[in-house]
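Student: Sequence:
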Amino acid sequence: MSRNKARRFCASGQFEEAVSHLKALLRQQPLDDELWLDLARCYLESDRLDKAKHCFHKSVRLNAKRVDAWYGYAITLEALGELSASLEAFQTVLQLKPDCEAARQRIGGLYLRTGQYAQAVRTSERPACGV
1 MSRNKARRFC ASGQFEEAVS HLKALLRQQP LDDELWLDLA RCYLESDRLD KAKHCFHKSV
61 RLNAKRVDAW YGYAITLEAL GELSASLEAF QTVLQLKPDC EAARQRIGGL YLRTGQYAQA
121 VRTSERPACG V
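Residue 118 in the numbering used here sits at position 118 of the sequence shown, with consecutive numbering throughout.
Bear in mind the hints are in silico, worked out from the structure with no lab data behind them. A virtual CB, placed ideally from N, CA and C, is assigned to each residue, including glycine. Check each hint, because a few of them may be wrong.
In silico DMTMM-like cross-links for lysine to aspartate or glutamate, where the CA-CA straight-line distance does not exceed 20 Å [to be verified]:
| hint | residue 1 | residue 2 |
| --- | --- | --- |
| 1 | Lys5 | Glu45 |
| 2 | Lys65 | Asp32 |
| 3 | Lys51 | Glu34 |
| 4 | Lys23 | Asp47 |
| 5 | Lys23 | Asp33 |
| 6 | Lys5 | Glu17 |
| 7 | Lys97 | Glu34 |
| 8 | Lys51 | Glu78 |
| 9 | Lys65 | Glu34 |
| 10 | Lys58 | Glu88 |
| 11 | Lys97 | Glu45 |
| 12 | Lys5 | Asp32 |
| 13 | Lys97 | Asp68 |
| 14 | Lys51 | Asp99 |
| 15 | Lys58 | Asp33 |
| 16 | Lys5 | Glu16 |
| 17 | Lys58 | Asp32 |
| 18 | Lys65 | Glu101 |
| 19 | Lys65 | Glu16 |
| 20 | Lys5 | Asp50 |
| 21 | Lys51 | Asp68 |
| 22 | Lys58 | Glu34 |
What follows is a set of in silico ranges between Cβ atoms, one per label pair, in the way DEER data are often shown [stated by the list, open to error]:
| hint | residue 1 | residue 2 | range |
| --- | --- | --- | --- |
| 23 | Arg8 | Gln116 | 39 to 49 Å |
| 24 | Ala118 | Glu16 | 38 to 48 Å |
| 25 | Arg7 | Lys97 | 19 to 29 Å |
| 26 | Glu34 | Arg122 | 27 to 37 Å |
| 27 | Leu31 | Gln116 | 17 to 27 Å |
| 28 | Leu112 | Gln28 | 40 to 50 Å |
Input sequences plus hints: build the corresponding full structure.
Tutor: Written out as structure tokens, the structure reads:
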């Protein structure tokens with residue numbers, strides 16, 4: 001079984017095959033944060049949000065500097081309606097990668113959704129860029 005084969009299964013919508021392959025690989029390498037991330041993405045793409053949340057969380061616990069895992073975790077939390085936790089995860093993305101405009105926009109949107117309008121404005125303010 002290979003990681004690439006599992007990724008191909010997931011990319012082609014063959015989620016059960018992908019999950020099966022990834023779980024088998026994780027039995028051999030339970031501390032591989034990238035395998036947990038692959039499994040999380042597969043669950044997310046197949047709308048199994050609770051399982052995706054668990055796997056993204058496992059990935060970021062194993063490698064706290066993994067921006068793509070934090071971003072996926074934040075998206076999943078937002079989809080589950082866990083807005084405060086999602087906001088914290090997106091803020092972690094920005095701490096790790098300050099130029100991530102997608103995370104900044106998501107944070108602004110979360111502030112708006114939670115009625116934190118001043119924070120939303122501050123989040124969207126950018127330097128004048130020399131103008």
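Student: Determine for every hint whether it applies to the structure shown.
Tutor: Each hint tested on the structure:
1. Lys5 to Glu45: holds (17 Å)
2. Lys65 to Asp32: holds (14 Å)
3. Lys51 to Glu34: holds (16 Å)
4. Lys23 to Asp47: holds (18 Å)
5. Lys23 to Asp33: holds (13 Å)
6. Lys5 to Glu17: Holds, at roughly 9 Å.
7. Lys97 to Glu34: OK: Lys97 and Glu34 at ~19 Å, within 20 Å.
8. Lys51 to Glu78: holds (14 Å)
9. Lys65 to Glu34: holds (12 Å)
10. Lys58 to Glu88: Satisfied, since the Cα-Cα distance of roughly 16 Å is no more than 20 Å.
11. Lys97 to Glu45: violated (24 Å)
12. Lys5 to Asp32: holds (17 Å)
13. Lys97 to Asp68: Roughly 10 Å separates the two Cα atoms, so the pair holds.
14. Lys51 to Asp99: violated (29 Å)
15. Lys58 to Asp33: holds (7 Å)
16. Lys5 to Glu16: Since the Cα atoms of Lys5 and Glu16 sit roughly 13 Å apart, the hinted pair holds (cutoff 20 Å).
17. Lys58 to Asp32: holds (10 Å)
18. Lys65 to Glu101: holds (18 Å)
19. Lys65 to Glu16: violated (29 Å)
20. Lys5 to Asp50: violated (24 Å)
21. Lys51 to Asp68: holds (17 Å)
22. Lys58 to Glu34: Answer holds: Lys58 to Glu34 is near 10 Å, not above 20 Å.
23. Arg8 to Gln116: 39 to 49 Å: holds (42 Å)
24. Ala118 to Glu16: 38 to 48 Å: holds (46 Å)
25. Arg7 to Lys97: 19 to 29 Å: Holds - the Cβ-Cβ distance for Arg7 and Lys97, about 23 Å, lies within 19 to 29 Å.
26. Glu34 to Arg122: 27 to 37 Å: holds (35 Å)
27. Leu31 to Gln116: 17 to 27 Å: At 37 Å between Cβs, range violated.
28. Leu112 to Gln28: 40 to 50 Å: Check passed, 44 Å falls within 40 to 50 Å.
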